[in-house]
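Participant: Chain order of the listed sequences is V and P.
Residue numbering for the first sequence follows the working numbering, beginning at 1 and increasing consecutively.
Residue numbering for the second sequence follows the working numbering, beginning at 1 and increasing consecutively.
Certain hints may be false.
Said to hold, decoys possible - Derived lysine-lysine pairs resembling DSSO-like cross-links, with alpha carbons at most 30 Å apart:
hint : chain 1 : residue 1 : chain 2 : residue 2
1    : P       : K162      : V       : K12
2    : V       : K19       : V       : K106
3    : P       : K258      : V       : K83
4    : V       : K43       : V       : K7
5    : V       : K106      : V       : K130
6    : V       : K12       : V       : K86
7    : P       : K27       : V       : K83
8    : P       : K222      : V       : K86
9    : V       : K130      : V       : K19
10   : P       : K46       : P       : K207
11   : V       : K43       : P       : K258
12   : P       : K222      : P       : K258
13   : V       : K83       : P       : K211
14   : P       : K39       : V       : K12
15   : P       : K46       : P       : K211
16   : V       : K86       : P       : K27
17   : V       : K106      : V       : K143
18   : V       : K43       : V       : K143
19   : V       : K106      : V       : K133
20   : V       : K71       : V       : K12
21   : P       : K27       : V       : K19
22   : V       : K43       : P       : K27
23   : P       : K162      : P       : K207
24   : V       : K71       : V       : K7
25   : V       : K75       : V       : K7
26   : V       : K143      : V       : K83
27   : V       : K75       : V       : K19
28   : V       : K7        : P       : K27
29   : P       : K39       : V       : K7
30   : V       : K143      : V       : K133
31   : V       : K7        : V       : K19
32   : V       : K7        : P       : K46
33   : V       : K106      : V       : K83
34   : V       : K12       : V       : K75
35   : P       : K207      : P       : K39
36   : P       : K258      : P       : K27
37   : V       : K83       : P       : K39
38   : P       : K39       : P       : K222
Hints are computed from structural coordinates only; laboratory data are not their basis.
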Amino acid sequence: MTAPINKGFQRKRESSNPKRIPPGQYETDVFPVLTAGPTQPVKTQDWLFMLDGLIEAPVSWNWDEFNALPKQSFKVDIHCVTKWSKLDTNWEGVGIDSLLERVVLKPAAEYVMAYSHGGYTTNIPLNQLKNGKAFIAINFDGKPLTAEHGGPARLVIPGLYFWKSAKWIKGLHFMATNEPGFWESNGYSLQADPWSEQRYRSDD
Amino acid sequence: MGIVCRRIHGANNDTDLMTNKQPIIEKIIWQVATVTNIKQETERVKTFTLSLPIWQEHLPGQHYDVRLTAADGYQAQRSYSVASSGVRSGEIDLTVDRIHNGEISTYLHQSVVVGDPIEVRGPIGGYFVWSPAIRDLPLLLIGGGSGIVPLMSMLRHRSAIKASNPTVLLVSVRSEFDLIYRTEIEHMANSTTGIVVAITYTRQIPKGWLKYQRRIDSAMLKEILANFSETPQCFVCGPTGLVERVATDLVNSGVPDKSIRTERFG
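Pulled out of the complex, with its shape left as it was, chain P reads as follows:
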């Protein structure tokens, strides 16, 4: 069926980059995955489970490229962060936000059914990843809207490996109907896994909600940072405006540049 490529586990982690001058180049090739499950997360968001013939364990935070081909040969590609943990071998979850007039996201939402083929390539990305080298550090994850997807991969992986580093998740969404993985996040907030969860609603406040109800600002971040006794490793993901403001506020709050990794969606 073509080339079977093996990736040497850990090729992307920071320690390998420090000890080897030349990182091990794993081959990232296009392959045809099969949709095995589709879950409606919110009105605009679906998670597609893809079974991969050539699966390799991804690092939390990495993404896959998806390529669609039309009957006339036209092709289009987009990148989607993996939502699942790497411990689930053979498959990945891609959570896709249906963008207004989105060429690929609209098709995925409206036309794809279980059993369909989807061409993918990955896993890709070596920086916005929760890699073994930083795994013992306290962790601050800040997501806006669908920016929570790669962060969820990190949290799910953290659960799977039973890590216990102090971790805080701060999510900003417009309304409770936009909170992806709501049940899972609420469960994490209520369990004894060492995760603190803070949600802020920016447009429609749920009835009876007495906590954060505004865009993330420096006062909110100050309170969030107070959860940590030492400076955390930060990952910020979401729309560019939110990421820009949050990253700047974190720097102004004394978090070193190098402790802040960002991923911006447009």
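With the rest of the complex left out, here is chain V:
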């Protein structure tokens, strides 16, 4: 079935970089906030980041320890399932690869459940987190990440719809099967590839 033409409808503005805007998205230069519930108040004094589940020895870092890990700058495009895309966002944080090289995962570990303060969860295949594909961000635009945007630390996975970039991240739980997280259990895609427009479960 072909889409009907809406008479008189025209593109309103040219994106600065149309090839970088996935299907169904529009470019924004603001940074919208979307959350299922209230912003989580997370203090760095109590902060711990954990790797657990199918791992030889579960490990955790407190805020000082985490900040002592090698940090990198990342400039990435991000895409939200609510249709906005923001290009060239600047972050500073610790690459997931840096964390993984400090641990030994069990062979069955193929998926990860990222979990956050407040109970939010999202599932990701391990191969979508490795090889430079993801990082734990602590700064945005040169300043500490605000609570509204997931501070003090959030997961950032630019290649997937941004609900997978869990705010107020607490840890990564390694698992053998692709268990659905919060939004995935509420109708959203397990895969979340913006370039294949996998927004909802029926798109998978």
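With chain V fixed as given, assemble chain P onto it according to the hints.
Facilitator: For chain P alone, coordinates are given in the frame of chain V:
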């Protein structure tokens, strides 16, 4: 005409998610709806009634994605909350705020007429919904500006099913000219449906208005919460600044995190 997909009713409700490990995946496909009615709600807001060839009952709070196609093939999509109750079968109401320089909202307002086709997909959303699992709980709905749209779906559905749970609606608008569904809300305030309605005007105060006339703050929320004898299930929807402040104030007033669901517009 393509695939006819049936959705098993209740697939999105919380009890199904608790009892089934794997939720029933209903297929959400693009379909061509027809505009059957257009209502001017306020100067900037219109409601479009769409007749759907493949209609399935939505939960109050869910939305549809709308996709427009230009003659050169260019496409754009946006999401709009359903304003109507699911008891109206075969059609949905989408209430659209005309955003300044909005690519889709401007077109919908200026160019669409009754009889036009609009491609839509839905219903979408499983969390910001007034689902059967929480239907007996006292209910607090807080909306800012066009944030009232999904809340109206909840109130209309509540009326349709003749629910009687204690319910309070708090709306924040700039002026009386920005209050969408004004007549209907005033009717709800004056009827014996168990709904308490509170309106606060933040810029232009109507003549003779003696009630709330400021942005929602913790003192106002304290008074609103005093309407309830037990902690309500809260839904907060509107511009992100309002939602952020209200959600934080509710938490600080003792409402548990899990009782507050938010939907932010930008």
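Participant: Run every hint past the structure and note whether it holds.
Facilitator: Do the hints match the structure? See the list:
1. P:K162 with V:K12: Roughly 44 Å separates the two Cα atoms, so the pair is violated.
2. V:K19 with V:K106: Violated - the C-alpha atoms of V:K106 and V:K19 are around 39 Å apart, more than 30 Å.
3. P:K258 with V:K83: OK: P:K258 and V:K83 at ~26 Å, within 30 Å.
4. V:K43 with V:K7: Status violated; Cα separation ~53 Å.
5. V:K106 with V:K130: Within the cut-off at roughly 15 Å; holds.
6. V:K12 with V:K86: 17 Å, holds
7. P:K27 with V:K83: 20 Å, holds
8. P:K222 with V:K86: 38 Å, violated
9. V:K130 with V:K19: Within the cut-off at roughly 25 Å; holds.
10. P:K46 with P:K207: Satisfied, since the Cα-Cα distance of roughly 26 Å is no more than 30 Å.
11. V:K43 with P:K258: Holds. V:K43 to P:K258 sits at ~20 Å (cutoff 30 Å).
12. P:K222 with P:K258: 19 Å, holds
13. V:K83 with P:K211: 38 Å, violated
14. P:K39 with V:K12: This hinted pair holds, its Cα atoms lying about 25 Å apart.
15. P:K46 with P:K211: Between P:K46 and P:K211 the Cα gap is close to 28 Å, so the pair holds against 30 Å.
16. V:K86 with P:K27: 29 Å, holds
17. V:K106 with V:K143: 36 Å, violated
18. V:K43 with V:K143: 16 Å, holds
19. V:K106 with V:K133: 21 Å, holds
20. V:K71 with V:K12: 40 Å, violated
21. P:K27 with V:K19: 29 Å, holds
22. V:K43 with P:K27: 42 Å, violated
23. P:K162 with P:K207: 34 Å, violated
24. V:K71 with V:K7: 51 Å, violated
25. V:K75 with V:K7: 39 Å, violated
26. V:K143 with V:K83: 26 Å, holds
27. V:K75 with V:K19: 17 Å, holds
28. V:K7 with P:K27: Given pair V:K7, P:K27 holds - Cα atoms ~29 Å apart, limit 30 Å.
29. P:K39 with V:K7: Within the cut-off at roughly 20 Å; holds.
30. V:K143 with V:K133: Distance of about 22 Å is within 30 Å: holds.
31. V:K7 with V:K19: Given that 30 Å is the threshold and the Cα spacing comes to 25 Å, the pair holds.
32. V:K7 with P:K46: 19 Å, holds
33. V:K106 with V:K83: Violated, at about 37 Å.
34. V:K12 with V:K75: 27 Å, holds
35. P:K207 with P:K39: Judged against 30 Å, a Cα distance of about 26 Å means the pair holds.
36. P:K258 with P:K27: Holds, at roughly 29 Å.
37. V:K83 with P:K39: 26 Å, holds
38. P:K39 with P:K222: 36 Å, violated
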